[in-house]
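Enquirer: Based on the sequences and whatever the hints tell you, model everything.
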Amino acid sequence: MSALLHFRWLLAGQKARLTLTLLLALTAIFAGIGLLGVSGWFITAAALAASGAAFNLFVPSSLVRGLSMLRIVSRYGERLAGHDATLRMLSDLRGWLFATLFPKLPLSLSPRHGDLVSRLTADIDALNTAFLSAAIPLLGTFAAGSVMTLVVFLLVPDAAPFYAAVFAISMFVVPWFLIRSTRRAGLAMVEQASDLRGAVLDGVSGHADLVAFGLTDEALRSFDDAAGRLAASKRATARRSAAAQALVQVCGAAAFVTVLWIGLDALEQGAIGGPTLAGLLLAIIGSFEAPAMLSRNLGRFSASAAAAGRLRDIEVSAPRVAEPVRPTPMPTRFDIAFDGVSFGYGNADVLSDCNLEVLEGEHIAIRGPSGSGKSTILQLLLRLYDPRGGVVRVGGQDLRTLALSDLHRRVALLEQNAPVFLDSVRGNLLIGDPAADDRKLWQALEAAKLADFVRSLPHGLDTMLGETGRTLSAGQARRLCLARTLLSPARIVLLDEPTSGLDREMEYAFLRDMEESLAGRSVVLVTHAELPAGSGMRALTLKGGKLEERS
Amino acid sequence: MNPIPTELAVDNGRDAEQRDRKQSRWLSGLGRQGGRAMAVAIAAPVVAGALLVVQAWLVAGVLGEAISENVGRAELATSIALIVFIFVARAGLTYLAEASGSAAAEAVIQRVRLALFAKVLGSRPDWSAERASGAVSAAIVDQADALEGFLGRFLPAMIQATLLPVAFAVVVMPIDWIAGLLLFVTAPLIPLFMALAGWGAEAAKRSEAVAFARLSAYFADRLRGILTLKLFGRAEEETRAVMEASEGLRQSTMRVLRIAFLSSAVLEFFAALGVAGTALYIGLTFLGMVDMRGDVLTLQAGLFCLLMAPEVYQPLRLLAAHYHDRAGAKATIAEIDALFEGLPDLRAPVSMVTAPVVRTGGDAADIVVSRLTVRPPGRSGAVLDGVSLIVPAGEHVAIVGESGSGKSTLLEAVARLRGYEGSIAIGGAATLPEPALREKIAFLGQRPRLFHGSIADNIRLGRRDASDEAVRAAAERAAVTEFSDLVPLGLATPVGEGGLGLSGGEAHRVALARIYLRDPDLVILDEPTAHLDAATEERVIDGMLGFATGRTLLVATHSRALASRMGRSVRVAGGQLLPVLGGRKERAVKSGGAA
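Chains as they are written, first to last, in this note's numbering: chain E, 159 to 709; chain P, 162 to 756.
Since the hints were made in silico from the structure, they are not lab data.
The C-beta atom is built at its ideal place from N, Cα and C for all residues, glycine as well.
Among the hints, a few may not be true.
[What the hints assert, rightly or not] Non-contacting residues of chain P with respect to chain E, defined by C-beta distances greater than 10 Å in every case (computed): (1) S263; (2) S289; (3) I301; (4) M334; (5) A495; (6) S512; (7) G555; (8) G562; (9) P609; (10) D626; (11) A653; (12) T710.
[Claimed, not checked] Listed next, with one range per pair, are the computed distances between beta-carbon atoms: (13) E:R341 to P:R401: 30 to 40 Å; (14) E:S160 to P:G580: 51 to 61 Å; (15) P:A734 to E:E481: 20 to 30 Å; (16) P:A696 to E:R341: 33 to 43 Å; (17) E:F330 to P:D498: 39 to 49 Å; (18) P:A734 to E:H617: 32 to 42 Å.
[As the list claims (entries may be wrong)] Some chain E residues near chain P, calculated using beta-carbon distances under 7 Å: (19) V222; (20) G224; (21) L259; (22) A389; (23) R393; (24) A404; (25) S631; (26) Q634.
Expert: Here is the structure:
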């Protein structure tokens, strides 16, 4: 609940629309109650009237028509305004998620990355539905209950406390019971849905592996188990929601019968007229439509609250690296220096007392066994982590004193698992340099040895690429990401295995051309490739957490 | 960057119509899968409807007698007790209907999910490689949920809407034939007007569902690469782009909803006319202004008609409220139909048990490829064009060639992981049952998947009953222990979905270790030493060759070190296979023209 309150700014952003929605909802509720009441009163009064001459027919019949129309129009408006507000909140939430995530990156969350993505998207949707499905009906129900209690008090005073109590039960106690009893199933449901999603992702991305090892039946069985667990949780939630609805119905019956019983006594005493009693009883039936709707909508409330909790956790989590409070301006030179840097992910140190100096414009290659920490050096240079000991400097400035966005603008990285985005070739490249013209794009593609392939595509630069670049071969996807990095105007370029998608000849050509295409910029290259003979590049080897000059 | 593409494929009218009809048939067939729970979910509201008539009659009777005949409440106690009983019984039926509706829906959804997943796993891996994994998981996990509303709410509501309005009108008939006739005539007209308003909404709803799916894919895609976007300084632009795309979807959705909600407003309008008309007619009859009945209308009869009038329209309103559940389900079905190229047959049970294969032989298998042609869908021209290759049993062959030339395609075809034309015989057999084939061949793809679990779990995929010692030995052979021994948990270290947490070279070696737990006649490896430094590569190759002794080995590689230790090399270029005689000479010719 407190997690949901954390997101009340969402409601504040749509204050006007939500107020309108609430007003329209109230209008619809009262028009509905009034309609039943007036009709009951009108018919009874007409039956009791001796003749038509003495009966004012005009007022009740136009009230009946007017209330009907009012209810139709306000219901239509309420639904429209409510959905509009919901969708606006969804846009706000998505924007919020991105704006929140960017400064927190890289997240130190669970390694199930694909799962994180789908969980975030599902959480956003779940949270978004919480407000409208709970807030508006709750307020509408409260207003309906209060007004009807007053009406009952005025007409059959003895019945008012009973009515108020029963209505309160159906508005507060039943929803509270529902929310409490579905909390655990709601939490389980989120976990189970992500298990199921994980099973599908494993099945699709690992399809070839499963088939090759004859494990498809086993995968099917564990998928079916996961689907069964999810279905069981959903059934449990639905049963509780059904019980809540039945309870509200029982509350409505109790209110009706109580008012009837006490009202009949009042009728005998002459304290209330027959037509009024008939109208009141019909209105009471109508008044329980609002809490019934509330209980119907609350089934998903627990899931929404859980989603809100997880999203709040992201917002309040501390980023792995902290922005300096008062950043130093970016230096004008871009020499790189590692002074006695030590770093490790777990207990073991990957780097220990590691020193490195790269002058502006210099190209160096870092080599070393797999897993020796070569990529770590690049990550430290972008300040994706802070070193445990020692200092990383650019232009003589400790990285920790520089604004991260300034640093990222000056340092470009080609990661080992760089993503291809669901976008055109052009869109993917423009991430590197949004201002680049076609000439520059082709230049980068030539440098990455991908130009011929892109020229052969049906729409050239505007060809759309599938999710994670599935329509590209691993090598082509790699080269596209390389081209993107080459486009970046950054003064320091970090390349993690840039040639892993290239064959020997292309690799050789790329490394040979690189000196020219990246001339003037500092380059740190992590590679297993042999450097071309006559390359002026300084090669260093990372061994035992230290960089050694290679003879 | 481009915003999400929103253009919709324009369907050929007749095909679309046929497809649409097929999808509707499949959808209505779903209800029959719900079994007894579905029957209860449908029957309970109908029974509750019958009870409602009795309840209305009793309520009208109590009020009528008390008000117009001044009967004391003590004498009405029996009727009131009966009213309480019926109220409670109807509440019980509500519970029954809701709970069984959900039970039926969840059971059917589970079957649909399983059938879809079985379809994914039952097709060739190149089929799933063409599909975005996010879209498939969204369809199976998230979109399948859209059937819940259709099965649990729409179907029961449809039955109620067919039976109850007419039944209620008929019940009113003997009480007052004019009121009954009024209800009898107006109720069936409503679906007609609703359909008129709903048709436009449904087409719009479908295009909106497509836009929604695209937006979700776009959103997930950007989330996946969010770190890259941050490092390129795209935080503000991407945040804005996401919000703009979302806003665009809101506008198109609102256009749809304005029409969609209109259809329920139309319904409410007619229901209101009917109720108001009934009320007015009865009022006028009481006042003697209208006299179309022979006898006097009692207050009980009048109130009964008034109470029943809104109930005649209530099932139709309920149906309208759940109409979008059907539209949502249809849109989902259409999405699934397109994504999975057809809807699964739910009547056929999904088999999940394989008979164990008895291993026979164990000799190296020869490969005879003749006139093999592979045309990947969505690409013009063949990647491999009528190639032939003979690999004698026990030979080790390297497949070399530029990246994108078709090395992986060739290996996948030999491993029966993609479709092809021509023939491929392994160990003399052109067709082998799937389980036997998989026992015979071990395959490591270019992008092997690390599944959620520990490193040891992932290696054990090779053979489920492998002992810890065997797993350890396989890990050592693949040089996995070189990095796993450096972390406290060793082989028990969890590795994530997508293999995050391990470097590319490390993930590849884990996948390689799987193969060492098997006893294949033919080993097919696609770039097994990518991402490795020279020293590690040498150790990995040693392990690999030790394992491949006495087996046939087919390796695609860019690595000279690996190719030089194979028996011979074959180059893939321009869709053809060329023998590589002197490796050095070949390279000298090629290096000038590399692009």
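Enquirer: Check each numbered hint against the structure and report the violated ones by number, ascending.
Expert: 1, 2, 3, 6, 8, 9, 15, 16, 18 and 20
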